[in-house]
Structures are given as C-alpha cells and as structure tokens.
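If you want the building blocks of each chain, they are given just below.
2 protein chains.
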Amino acid sequence: MSDRLSDVLAHIDSDIDNSLERLFRLIEIQSISTDPAFAGACLQAAEWLADALKGVGFDAGVRPTPGHPMVVGHAKEGAGPHVLFYGHYDVQPVDPIDLWETDPFAPRIVTAADGSKQIVARGSSDDKGQLMTFIEACRAWKAVTGKLPIPVSILLEGEEESGGPSLVPFMKANKDELTADFAFVCDTGMWDKQTPAVTTMLRGLVGEEITITAAKRDLHSGMYGGAARNPIHVLVSILDGLRDENGRITLPGFYDGVGELPPAIKAQWDALGFDSAKFLGDVGLSIPAGEIDRSVLEKIWARPTCEVNGISGGYTGKGFKTVIPSQAFAKISFRLVDKQDPDKIRAAFRDYVRSKLPADCSVEFSPHGGSPGIRLPGDLPALVKTRQALTEEWGRDCVTIGSGGSIPVAGDFQSVLGMDALMVGFALDDDRIHSPNEKYDVSSYHGGIRSWARILAALSEKAQS
Amino acid sequence: MSDRLSDVLAHIDSDIDNSLERLFRLIEIQSISTDPAFAGACLQAAEWLADALKGVGFDAGVRPTPGHPMVVGHAKEGAGPHVLFYGHYDVQPVDPIDLWETDPFAPRIVTAADGSKQIVARGSSDDKGQLMTFIEACRAWKAVTGKLPIPVSILLEGEEESGGPSLVPFMKANKDELTADFAFVCDTGMWDKQTPAVTTMLRGLVGEEITITAAKRDLHSGMYGGAARNPIHVLVSILDGLRDENGRITLPGFYDGVGELPPAIKAQWDALGFDSAKFLGDVGLSIPAGEIDRSVLEKIWARPTCEVNGISGGYTGKGFKTVIPSQAFAKISFRLVDKQDPDKIRAAFRDYVRSKLPADCSVEFSPHGGSPGIRLPGDLPALVKTRQALTEEWGRDCVTIGSGGSIPVAGDFQSVLGMDALMVGFALDDDRIHSPNEKYDVSSYHGGIRSWARILAALSEKAQS
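Each protein sequence line maps, in turn, to chains A and B. Quick note, in UniProt numbering, the first sequence goes up one by one and the last residue is 465. Quick note, in UniProt numbering, the second sequence goes up one by one and the last residue is 465.
Among the hints, a few may not be true.
[Claimed, not checked] Computed footprint of chain A on chain B, listed as stretches where at least three residues anywhere in the stretch have a Cβ under 8 Å from a Cβ of chain A:
#	stretch
1	93 to 106
2	301 to 315
3	449 to 460
[To be verified] Cβ-to-Cβ under 7 Å is the rule here; a few derived chain B residues that face chain A:
#	residue
4	13
5	39
6	55
7	216
8	223
9	239
10	281
11	283
12	322
13	323
14	324
15	327
16	333
17	418
Simulated from the structure, these hints should not be mistaken for lab results. By construction, the Cβ of each residue, glycine as well, lies at the ideal position given by its N, Cα and C atoms.
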C-alpha cells in the first residue's frame, strides 16, 4: 500500500463521525420521488449534493429534467481511466408509517442484537448511504492529497424509485459529457457481511404480450363445444410447448450466445455456500423448477428463462359461464444472459407462435422491453483492480456474482454510452430496503468509504505502471 | 286416420283465428321473470293459464313457490300412457328496446319476404307460442270429442329464463302428483321449416374450477425466474395434456359409456344436409376443432368434450409486471353424452390433475354442476309414435336430433321424477328468441297444434291396440 493511501484511510477512520453527520443531513431531506408533494424535497436533495460535490472540489451542478433533476459533477484530475459514478438520491415512500419505530427521516444509530451499529432511516441504505460512500472517499483523497487519483465524473439520479423516465433522454442529450471509460453503479450489495462482491452478470429482458383470436364472438360451449376452436386451448398448447421435459426452452436458437460459466466463476459460486433449500423454502417451495441440470444459483444468475407473467381468457368471475371465448391472451417474458440477442429471441418466439396457430386463428403481438443480458469478462482490467482493492479492504476474496433481476441503468450505460458498468455496493440482504426501519450497517458505510478510497488508488496504479 | 282425429284437425283449422287471439292475450302479459318489477305480470300470466286450462276442462291451479308460481293442471281421462307436458310462461327482457320495430308486448302478424305469416312479439316463440300449441290441441279434442285421448298433466314454469331455482324443489315436493309415464318438453325447434324433429340427445355437464398454488406469495421473475415454480406453467401443462393430437380427451376412462351412433340415426343425420362450413363460417371459423374422425354434427350432438371456459393468473392489466404469481386458476367444463358417469369423470379429472402436480404445489377444486347426458333409445314406444305422428302432419320424415347445450328440465325429469322427456317443439332457427323482434311462424303455431292433436291420438292408439 502506498503511503498516500494509508494516509487517506487513516483520515477516513478519524473523520467517520463527520462522515456520518453529513449522511444524516442528506437523509433528513424527504426526497420521495413517486409523490409529487415531495418534488421540492427532491430538488433540495439535488442542491445539497451539488453543494457537497462543489465542497469536495467537483465542478458540479443541478441539471433540470422534465422530472426530478440530475446532479452532475466532474473532477477530471489525476491520471488513469476516467470513471463515471452513478447513484440515486431519491427514496421509496415510507408507508406503512405505523411500522416504523421512529421517524423515517430522523436518522439514528442503533446497536443491533449482534452488537453491530446500524443507521436506521429511509434511504440509509438505498441509496443515500451507498452513494455517500463514494463522495466521502473522494473527500478524503482531496483532504489528504489535494486531488483525486483518477479523473472522476458523478451522475446522481432522482427518479430511480419512480421508473426513471428522464435518465435515458438525459444520457442521450449529454452523451459526450457523461461518457467515461467505464461506470461504477453503486446500488447493489455484498455477498454477506464479510464478503465483498462485484455484480458482473445481469439478465436482460424481452417481453411479449400475445392475444389469440379464434371465433369472431364468444360462443356457447354447449352449442359449439367440441367443434369450434377454443383460443384458450391454442394458448395453453403454445405456452406448454415452450419448455421441454428437461426444463429447457424449445425456441430454435434460444441458447445461441449462452456461454458456459467460466470454471473460475463456478468455483467462486460453489464456495459461496448458497443455501438453495432455504432460498426456495423461504417462499414455500421445495423443488427447483427449470433446467434440471443446473444449480439454483446458476439458474437465477447465469441462465436464460421464460416465464408466463400473466394469462387470461374466457369467464373468470364467480360461478360458471359455459363460454368458448373469442380471445385469450398472455404476457410472457424472457430473461436473457450473455450474448443472447433480444431481437432474435423475439423473432423466434413470434415464428414459433405462428407455427402453432391453426389457420383460422389470428395472433397479435405487443412487444415490451428488449435488453440484452450483461456479463462482464472476468479479466476486464478495471474489474480485476476493483476486486483486488475490495479483497484487501475486507480481508476476504471479493466474489463476482450475478443478479437475476434487471438494473436498467447498467444496460443503459452499455447501450447509450457504450461503456461497461461495474456494480459495486455495500448493502446487506437484511437492510430492509423499501420497507419500514430500513438500515445500513455502519460497517457498510465505513468499509464502503474505505473500499472506494482503495479502488480509486488501485485504478490509478494501473495507469501509472 | 280415425274419424275422430280428422274432425279434431278440421276443428283446429276452422278455429285457428281464435287460437291466435288467445295466444295474443297471453303474449300481452309482460311476464319478464328476471325483473322483480314484473312479478305481478308473472302471477297474472300464471292465473290466465290456469283459467285457460280450467276452460279446457283441466283440474288446474296456480301453485306458489318462493319465486314465480307454477301452473299445474290435470285431465286424467282417456286410456293410454299418462304424459306430463312442460312449458314456461316467462319471457326474456326486451332490451334493447330501440331495436324493436313495434311494442314487444303488442303481438301482430306480419307477412315476411317469402310470403310466410309471422307472429312478432316477445314470447311469441319462446315459449308462449310453443306451450299454447299443446293447450289448443287439448282444447280441440275436448271441443270435438268431449275428452282427451290419453291422461294428461301440465306443468308450466315461470322461472325458465331466470335460472329456475324453484323447479327442482317443486318437483321434489310434488313428486307423486307430477310423475307420469313420460314427459313432453316443448321448448325446442324443428330441424327446418319443413322437417319436424324430436330432440332425443342432450349433453350433460360436469364443471370444475381449479386453483393451483405454488409459492406462498407472488415472486419477482428476475430474482426467482428459472428456479421457482410458476403455477401458470403447471396449469397450462395440465390443460394442454387433456387432449391428444387427435383431439381426444386423455382422461383414463373418459369414453366409458360413450356408444357409437346407431346406424339409423347416423343415416338420418347424414341426410339432413347440415352445412358444417356455414355453421363454423358464421362465427368466423373454418377448421373444425376436436376429434379428427367425427363430423361436426356428431361432435356437438353426440360426442363428449372438454372446454376451458376461463383461465387467469398473474398480471393481466395494462403494461407488464414481471411477476411469478403464487396462484393460477381455470374453469373447465366437460359435456357428457350417453352413459358417461359425471361422478367418475370428475374423479378422473381430479386424479389426473393431482398426478401432474409438482410435490410442492397444491390444488383446490370447486365443483360446478354434474348431470349426465340424455340419449333416448330409438325404439322407445312413445318416441316411435310421436315421430310417426309428426311425419304424418308435416309430410316429411321426422328426425331425431341432438342438442349440444343443456335443457336442464329434461335432466330434472329424469333424475327427480324418473321419467324420460321427449323434446318436441316447432320453433325455427330464425325465430330471434331472446332478441328484438322475436317471431313465431303461423305455420309453426298452426302445425304445432295439429301435431299435438295427432300425437295424443297416436299415443292412445298404442294403448288401445
């Protein structure tokens, strides 16, 4: 470790109470983005952050959008790769307020049963606590050395919890300004309290709504049943045919571009001690569904899937109506991984549906989404450096993990700005984000600041070597 | 033909204008059973009919029920089988009233484009015109000979169009009084304007609603998709497995008790010239569904089937929600024929569903209905006599036909009173029953009265021979 980094880390440790106080000031601003009544608070949070960045030496400002504003700051000093850091300053609503032990916007530190210190407040973890780890790391570097080790830009959003309609247009309108060598997205978690993680795999999404029409009106199942086509029968046959007996998706070419997990990643995951029985048992299930020859973790992080998210047709009210409906519909989504092509998957699905359609039925398709999966190469230099820094800070090997869900901003950075996103965060599974009594461990906050200080140093070493 | 019958038919012909006037008086009573505002009119129609029956010499009266009253009359004179005649005096609502060319309850005779005379009014066909054919035939026999050829009872219902909740309890409470050798149900039609028909096959019904539960709460399809069981997938697999590639139902024992159509019936049906392309084309279809080796007519009249009448699960609103639902459900109905046992079919279905259910899913069943099909033997003496009489009246072979839908009263006569029901009526496909400008051909009314006069005579001959 360089002397400079040692000094920075020491400064972080000695200044941690002040760092907490600054976080508390941000948390006290009630920046609930979904409720228009809090639009003023959202603006206030953005202004507070722009001022904070200016205080650290960033060229920063509040940037208007049709919705809540963005905060953008630049400190393009130091040598090495230019990184864009992303976080969001908006928070979830606090309902049900009755279940909060204290005021959600009056942050306090409590000592948990295991002796750990926790910051309890809305936004303590998601995402104010997380984004402040980075700003405080920058603050420490500036305080100790007068400048950052590498060029840094920061983008802070105020609509993450409300669908983020302004983000992509803002990226497109400010493409040159926002494009860096790669991005850090700080909105994910550690594997567990001891084990740091970088999320490097995200599944993409292709959605399709299909409506199948048979007869031109609803028919009486007594008069027509057995001779007239029932579109529900057509639909269930189509949907059932999407999976084979081994749980694999049957669409031709569906697995094109799906790579096997690199042995190093597989070994990491095997070592995680993931308890698939508990994962399923917590929601009342006991038998893994899907591909029979894959582990649960592989299925949800690294394998594509197809789920019927909704289905409807005929009479669904109370009692019975002996109808053969004219139409039946379903909403189907595919989760994509690795190099699967969303457009090809959509086309293969539509071809398949049409191939199974009786000649006197028709189908309408309505597309939804269409984003590829993300899988960062394990030898990406920024990833290697980041993992190394995290390993050093936490004293345990940093793992690369996946996320079955989507983190749209990561895909947007890729598709709009053409840059990879490394997802690094310090949240824990029990942080109760989106729920009453949200918390962020002081160890997450303190260790997070130290982690970023190390990562910035590690990235600059690369450039200097 | 006996002289007595000739005289009766001649009387019917000479009295037809008076017969029409009497029908008009009944039609003018606005006996809409579904609307409580017309309860008084329903009672008035019942009283009018009881008086009419008394006028013809029946021992008749209005009999209260928790709903609209029944009319029951007896004239147990003559020799031969005792028959119970069934019709209903209530009518459908008249909405949309704007589409009626004249007052629905002001009957009038119009001349159609083809020169035929038609009675236009609500209830002219369904079922006031039809039930009056029988009463007028009895009137003619009484007027000419002083008595009926065979013992006759009459049961007229006032809740047929509103679900008929009082009928079965009334049958059960008056079992001895209502039980006869067999019943005539006059609420069906002729094959076409020239060809009389007796409906001898009705399909039964077994309904089941199933709810499949997988996880104990809805899951995010990103976090769980590919590893957690989706109950919609389970449901579509179950439903799709109900039919094989030849359109046959796969439940073990499903076809037990399903006989092949007797050659005589098959020959009759082949001769009907049924236009299956038009039948399907009228509702926008062109390819028969269901069993590949059966004609459309056979499928809807004489073959069992299984239809999914409703299905629902997951998110079905606008847009998309990437959910794996906890539950999915469907409403399924089986139409039964011949000697299929509803209880066995229901049990086979439930066994099948359970056999396809993953061990960590559960299913709830909710039964609906449960009535066997009806298939009268072709050599039933009453049927043979009735067909002969109808053939003589209309100058064309009377056909025995089926009905894909249910006529519950026929099953109720069978199950509650233990007697067969012959369904004889004179309605035509274009009578617009339940619709604006409902009509009944004067030829249906006049020929219907003459038909019943002949049928009563034919049944008495049997007894006398």
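Structure-based check of all given hints:
1. 93 to 106: Contact hint for the stretch 93 to 106 of chain B vs chain A: violated, 0 residues under 8 Å.
2. 301 to 315: With 12 residues close enough to chain A, the hint holds.
3. 449 to 460: That given contact is violated, which follows from only 0 residues of the stretch 449 to 460 of chain B lying within Cβ reach (below 8 Å) of chain A.
4. 13: violated (36 Å)
5. 39: violated (24 Å)
6. 55: For residue 55(B), the interface hint is violated, since the closest Cβ of chain A sits about 38 Å away, which is over 7 Å.
7. 216: holds (3 Å)
8. 223: Status holds, d = 5 Å.
9. 239: Residue 239(B) check passes; min Cβ-Cβ to chain A is 4 Å, inside 7 Å.
10. 281: violated (9 Å)
11. 283: Holds: closest Cβ of chain A sits about 4 Å from residue 283(B), inside 7 Å.
12. 322: Holds, because the Cβ-Cβ distance from residue 322(B) to chain A comes to roughly 6 Å (cut-off 7 Å).
13. 323: Hint holds; residue 323(B) Cβ to chain A Cβ min 5 Å, cut 7 Å.
14. 324: It holds, given that the least Cβ distance between residue 324(B) and chain A is near 6 Å, below 7 Å.
15. 327: At about 12 Å, which exceeds the 7 Å cut-off, the nearest Cβ of chain A leaves the hint on residue 327(B) violated.
16. 333: With a minimum Cβ separation of about 6 Å from chain A (threshold 7 Å), the hint on residue 333(B) holds.
17. 418: violated (24 Å)
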